[in-house]
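So the sequences go chain by chain: L and Y. Under my numbering, think of the first position of the first sequence as 1, with each following residue one higher. Under my numbering, think of the first position of the second sequence as 1, with each following residue one higher.
Be aware that one or more of the hints could be misleading.
Which copy is meant is left open, because identical chains are indistinguishable; a pair holds if it fits in one copy or across any two.
Said to hold, decoys possible - In silico DMTMM-like cross-links for lysine to aspartate or glutamate, where the CA-CA straight-line distance does not exceed 20 angstroms:
#1 K102 / D41
#2 K102 / D24
#3 K112 / E133
#4 K10 / D70
#5 K321 / D200
#6 K141 / D267
#7 K33 / E91
#8 K112 / E90
#9 K231 / E186
#10 K20 / E30
#11 K20 / E6
#12 K141 / D307
#13 K25 / D41
#14 K5 / E92
#15 K38 / E107
#16 K112 / D189
#17 K321 / D26
#18 K10 / D200
Calculated directly from the structure, the hints in this document are not laboratory data.
There are 2 protein chains.
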Amino acid sequence: MVSMKEIAQKCGVSVATVSKALNDKDDIAESTKEMIRKVADEMGFMANASARALKTNRTYNIGVLFTNDDAGLAHDYFSIILNSFKVAAEEEGYDITFVNHKIAGRESTYLKHCEYRNFDGVAIILADFKDPEIIELAESKLPAVCIDYEYYNCSSVVSDNTKGLLDIVRYAGSMGHRKIAYIHGELTDVTKNRLMGFYDGCREQGITVDPSYVLQSNYHDIEQCSECTRKLLQLEDRPTCIICPDDYSAMGCLRVLAQEGLSVPEDMSVIGYDGINMAMINGMTTYMQDSIGLGRIAFRKLADKIDHPEIPAEHSVVFGKFIVGRTVAKIGD
Amino acid sequence: MVSMKEIAQKCGVSVATVSKALNDKDDIAESTKEMIRKVADEMGFMANASARALKTNRTYNIGVLFTNDDAGLAHDYFSIILNSFKVAAEEEGYDITFVNHKIAGRESTYLKHCEYRNFDGVAIILADFKDPEIIELAESKLPAVCIDYEYYNCSSVVSDNTKGLLDIVRYAGSMGHRKIAYIHGELTDVTKNRLMGFYDGCREQGITVDPSYVLQSNYHDIEQCSECTRKLLQLEDRPTCIICPDDYSAMGCLRVLAQEGLSVPEDMSVIGYDGINMAMINGMTTYMQDSIGLGRIAFRKLADKIDHPEIPAEHSVVFGKFIVGRTVAKIGD
DNA sequence: TACAAAAAAGTAAACGTTTTCGTAAAAAGG
DNA sequence: CCTTTTTACGAAAACGTTTACTTTTTTGTA
């Protein structure tokens, strides 16, 4: 690896001059800069990020927390957010590195890992938000941004979950559905907001919610959602429309319906959530979250926080879009 | 950030002793080590990766090349490989950072980026293998491993593409199919091997391949695959079975068949490739690549190369598994 | 021409580690 | 009790940058 020292020698100037020339400082003559840049190119010079970081306390590297549980990077919804975050970050010269809790092979904490790597900031994209280690990280001094979760002094970007469910229920209502079931995910903030939207929507339509129509499953869990679907089918007074926690677990719902010989949407209407690729291809009626927007805005928030650590935490909401597919029937005429 | 200097002061020893104690060198008394470790813990000490890297020329950071084109990180097949690579790497104390060709916001090359960040090695997981920048990277001194592509002096891990197609054709043959179409991807090494397996299988079964049954599409391209499917349907003598480039683009094939009012598998059999989640859920007959194995083995190869740069490039093959789904009918009885 | 001001370049310390080499003290050997 | 070996630790240089400060050179002005 050729270093500034070698360039300095070849150019007959000091190392400081080389550094300043390559960083385009204004106390170096333009002619000297050009000469140095030319030689640096010829010699195939590349700065050393470690040395630079050591001196400047800035790595231009962002930590990303993305759990390996569940589908990990293959998660159909969060992987898109991550990709969009990555694209935005690279656009502005940041690299991204995954945060884990090992350092040099031995156990550590997420926060320690970030300190070790000197990340300029961290994005908590997919994680168990109740994990004390995650909380420690979010509440630390390190600039951070959370996706789909709000901590007190950590910026966040969340989807408009309340409106999402409201739109869904309104649509179902407009199609004549009065018996609407909602299989929701674990009771996180996201779910609570969606439930709020669900109840609001029902109230608006003058629908009294049958408590047995509201079931708890888990996000991204096909089996659980299948199980809940079976329960709904066993009810004396079946719903006519089932809202699933997300498009992926909705596959479980669809499978059970197929097994029971029910066709969608003729015998049962189904609505998903997220707008993942597979759902769109298969004509699922769903609420498409703006995952690309989520990732991009999350990066922006984080970059702002890195540049201006004094700005207070901000909580942004990103709006999605209701998608009319082929899984909801018009009924009751 | 508390540094070794502060610990040294508090302990009344030198910085060198602190470093050696924390790195468990054997010229430090056990009692001293314990004392230093205790104080370090109390003070919340965390080493500085940049400083360490500067001194040791080792970052324990691996660069991962994963293009943003196409689906990017949301790619149903490669994201699983990446995840498995990530898990394996983290297991052994490596971090992973994405490689791009920007440094501090200005254009650069992939190789330069790796030099800048001092990666110990690089994994080329999803990329345009004909891009000169990628070739430069693969052929460089930097320890590297490629997935699904072979360069001369770069280790690689590839899937058993020939056997994959052989198994597929054998199965189709065993189900009575003699008119088998193959929509393949771009003419890469992967495709060439698959074509070899395809022709081998046909020969084995005594099937003369009708040239109009072999069409070129692109991987992961639903539209192209739809288009090819339409072409096949227009043939006077239609095939009875269509093999698609991959499970994802097979969705295009299925959609066209549905549009034409053909049911699968009664009117047309369809076989995919990859064994992605969506395909498995939907009962697709396909060849499941061992993507988890691919990622894990790729990491192992890379780690070995990092530890022993002198070992020559190795090319490993990972075997997959044929999956019998519900998209191929038995015919001809 | 002389001198101040501005421009250009250099000096040296610092960032936080690791590691080689040196040395004092302790232990072992005779 | 003296010499040799071993053990435990420290001093200092080095990794490749950046940057505050100083020095030298050039330019401008009277």
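Evaluated hints:
no., hint, in the structure
1, K102 / D41, "between (38 angstroms within a copy, 16 angstroms between copies)"
2, K102 / D24, "between (38 angstroms within a copy, 18 angstroms between copies)"
3, K112 / E133, "within (10 angstroms within a copy, 35 angstroms between copies)"
4, K10 / D70, "neither (55 angstroms within a copy, 45 angstroms between copies)"
5, K321 / D200, "within (18 angstroms within a copy, 49 angstroms between copies)"
6, K141 / D267, "neither (54 angstroms within a copy, 63 angstroms between copies)"
7, K33 / E91, "neither (26 angstroms within a copy, 45 angstroms between copies)"
8, K112 / E90, "between (24 angstroms within a copy, 15 angstroms between copies)"
9, K231 / E186, "within (18 angstroms within a copy, 47 angstroms between copies)"
10, K20 / E30, "within (11 angstroms within a copy, 47 angstroms between copies)"
11, K20 / E6, "within (15 angstroms within a copy, 32 angstroms between copies)"
12, K141 / D307, "within (14 angstroms within a copy, 36 angstroms between copies)"
13, K25 / D41, "within (18 angstroms within a copy, 41 angstroms between copies)"
14, K5 / E92, "neither (29 angstroms within a copy, 35 angstroms between copies)"
15, K38 / E107, "between (46 angstroms within a copy, 17 angstroms between copies)"
16, K112 / D189, "neither (27 angstroms within a copy, 43 angstroms between copies)"
17, K321 / D26, "neither (50 angstroms within a copy, 63 angstroms between copies)"
18, K10 / D200, "neither (73 angstroms within a copy, 61 angstroms between copies)"
The structure shown violates the earlier hints numbered 4, 6, 7, 14, 16, 17, 18.
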